[in-house]
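Dock chain B against chain A, hints included.
Spelled out from the first residue to the last, the chains are:
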Amino acid sequence: MADNSSKNSYWSANLRLIIISLIIWAIVPFGFGILLRPALMGISVGGADFGFWVAQQGSILVFLALIFFYAWRMNKLDREHGVDEE
Amino acid sequence: MDQYTLNLLFVGASFALYIGIAIWARAGSTSEFYAAGRGVHPVTNGMATAADWMSAASFLSMAGLIAFVGYDNSTFLMGWTGGYVLLALMLAPYLRKFGKFTVPEFIGDRFYSPTARLVAVICLIVASVTYVIGQMTGVGVAFSRFLEVSNTAGLLIGACVVFAYAVFGGMKGVTYTQVAQYCVLIMAYTIPAIFISLQLTGNPVPPLGLLGEHQGSGEALLKTLDQIVTDLGFNSYTGHHSNTLNMVLFTLSLMIGTAGLPHVIIRFFTVPKVADARWSAGWALVFIALLYLTAPAVGAMARLNIMTTVYPNGVTEQPIAYDSRPDWMKNWEVTGLLSFEDKNGDGLIQFYNDKNADFTATAEANGWTGSELVVNNDILVLANPEIAQLPGWVIALVAAGGLAAALSTAAGLLLAISSSVSHDLIKGQLNPNISEKGELMSARIAMAVAIAVATYLGLNPPGFAAQTVALAFGIAAASIFPVLMMGIFSTRVNNKGAVAGMLTGLIFTVVYIFLHKGWMFIPGTNSFPDTVDGSLLGITSVSIGSIGAVLNFAVAFIVSHMTEDTPQEIKDLVESVRIPRGAGAATDH
Chain A
1 MADNSSKNSY
11 WSANLRLIII
21 SLIIWAIVPF
31 GFGILLRPAL
41 MGISVGGADF
51 GFWVAQQGSI
61 LVFLALIFFY
71 AWRMNKLDRE
81 HGVDEE
Chain B
1 MDQYTLNLLF
11 VGASFALYIG
21 IAIWARAGST
31 SEFYAAGRGV
41 HPVTNGMATA
51 ADWMSAASFL
61 SMAGLIAFVG
71 YDNSTFLMGW
81 TGGYVLLALM
91 LAPYLRKFGK
101 FTVPEFIGDR
111 FYSPTARLVA
121 VICLIVASVT
131 YVIGQMTGVG
141 VAFSRFLEVS
151 NTAGLLIGAC
161 VVFAYAVFGG
171 MKGVTYTQVA
181 QYCVLIMAYT
191 IPAIFISLQL
201 TGNPVPPLGL
211 LGEHQGSGEA
221 LLKTLDQIVT
231 DLGFNSYTGH
241 HSNTLNMVLF
251 TLSLMIGTAG
261 LPHVIIRFFT
271 VPKVADARWS
281 AGWALVFIAL
291 LYLTAPAVGA
301 MARLNIMTTV
311 YPNGVTEQPI
321 AYDSRPDWMK
331 NWEVTGLLSF
341 EDKNGDGLIQ
351 FYNDKNADFT
361 ATAEANGWTG
371 SELVVNNDIL
381 VLANPEIAQL
391 PGWVIALVAA
401 GGLAAALSTA
411 AGLLLAISSS
421 VSHDLIKGQL
431 NPNISEKGEL
441 MSARIAMAVA
451 IAVATYLGLN
461 PPGFAAQTVA
471 LAFGIAAASI
481 FPVLMMGIFS
491 TRVNNKGAVA
501 GMLTGLIFTV
511 VYIFLHKGWM
521 FIPGTNSFPD
531 TVDGSLLGIT
541 SVSIGSIGAV
551 LNFAVAFIVS
561 HMTEDTPQEI
571 KDLVESVRIP
581 RGAGAATDH
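In order, the protein sequence lines correspond to chains A and B.
Here the first sequence is numbered in the numbering used here, starting from 1 and rising by one per residue.
Here the second sequence is numbered in the numbering used here, starting from 1 and rising by one per residue.
Only chain A is shown next, with the shape it has when bound in the complex (with noise of 0.2 Å):
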């Protein structure tokens, strides 16, 4: 069984993962998907601009890559601090 120590660095080292995450989960729909929109009009995509192709079809492919990414980077945390399943 993991010790103390290296339980509390495993915990922070998932909570890094998760803020970055999570931020970058906010942005992409709510920032480059709605409030920076009008900023971002130059950006042409297939007959319409950057944020309306963020809003139906990025963040989703965002999104699948944060969690599949999360998961592989927590399962390698896991066994890197010892406290993976058998």
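Because the hints were derived from the structure by calculation, they are not lab data.
It is possible that part of the hints are untrue.
Unchecked claim - Restricting the straight-line Cα-Cα distance to at most 27 Å, the calculated cross-link-like pairs of lysine-lysine (DSS-like) are:
#	chain 1	residue 1	chain 2	residue 2
1	A	7	B	571
2	B	100	A	76
3	A	76	B	437
4	B	355	B	343
5	A	7	B	100
6	B	100	B	437
As the list claims (entries may be wrong) - Computed footprint of chain A on chain B; a stretch qualifies when at least three of its residues, placed anywhere within it, have a C-beta under 8 Å from a C-beta of chain A:
#	stretch
7	74–82
8	162–168
9	239–251
10	274–282
11	288–302
Quick reminder that beta carbons are idealized off the backbone N, C-alpha and C, glycines included.
Frame of chain A, contents of chain B only:
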């Protein structure tokens, strides 16, 4: 073979498949009934979660909502997928590690409070019942349109099929039928979309077709669409015409609500390991994304198809005559979901935005005296294959797909309700010494009763049934999600804080909804109109869940810090939930 026989064949075959699975996957223990014995592969669970999650609303209504509004309704696309990030990062792995059977059970144990558990049960039941009524009415509508039976008979047939696999199979039966239902619904959704995308853009991948070139005009599809709709006085398709603050808050409410819906959360109790719960959330979103990336393409293309059907020679020329309208219009006129009224008596179908004041002059110059065609949002997906003149088997497949979407979500919700009744109320409060066999029997009885109640409410929908988005997502966002998150990420939030936070979020949200939609949704009893300008805080009632969630967090922290610290055993519990090791041991308790 005529269309009716084809429909009967496809729907009949899909139902036979579900019942076959029910016979194969009977549950023998409470662990199998509540959590499918925790032996479901993460990819399988992802597929089941996708079917569990994608309801009649996702399948039937969403593309229509996007088609007739455009960019502003991207809220549904972002909101209903973004919640999975919250679920994957902040709830699913830890609740799987906790290793119990229901969402209220975690809340009760973590906050060492039967009151907290009871409040959670009430939130779960109100949210899930609201949600399930919509599914049951969807089943009735699909049956009456495609199989020409009455609404009531359709609903009863649907209820019997759910009974067969949910009562005997529990979570195990529901899981494997949901996998089959996912396959049916995703084929039914994507096959017509592929055909339509090919017809309009030459690209067989609908999400790429949306960004592609329209074959008729040689211009980008979205540009063509924007041009046509603005020429008829409608808002541009890609433009932003709604209130920005409400768009943000509504999207956020849908995200938090999605992550807090118990019938989705309990799906992650079925995988063997914590690592699997993380992967499984990703797979769920992969399977959901297949539909959610297709939906905006379906919406835009269907809108374009309708416009070019009415104006075959372009919007500057005359529209088609009512007498030469296509067959699909005639079919849907029968249901009343599409209607024509010849206001200026010229026999042609004028279809434009008669509520746009700037467009009145143009309309008058053309001799138009009002828009003459009314199309219900919900018929778009069902009518799509007919509009694109696809073969009869595609139409039959769409009928089976709509039923699969409604039934799979209904079963998941009914399971969440019955598990909570038998495990949280009967075993947790009334009779803690109940035997495993007795609990399994009570779970089956609770399921049967839940199906009966849902069927009754589906036949006699109460006023709140139409308010799924406001009520179910509002409650899940404002009461359930915050308390689960604090239970995992804080060791300091105690029993008093959790109960105070949940009640604040719940009461604030429900009262705000009632103030704008009427008390108990009785029309005319609302104090404020449910519009951006007229509402109490400038926030419409569907967007208020995210504010309720913030209040829940704030009250829980303040009350917890003013009262005593959590006991050591609760701190130990939180520590153990945070560490994946030992999840296997928690399987049987």
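Would you list, in rising numerical order, the hints stated earlier that this structure does not obey?
Hints 3 and 8 not satisfied by this model.
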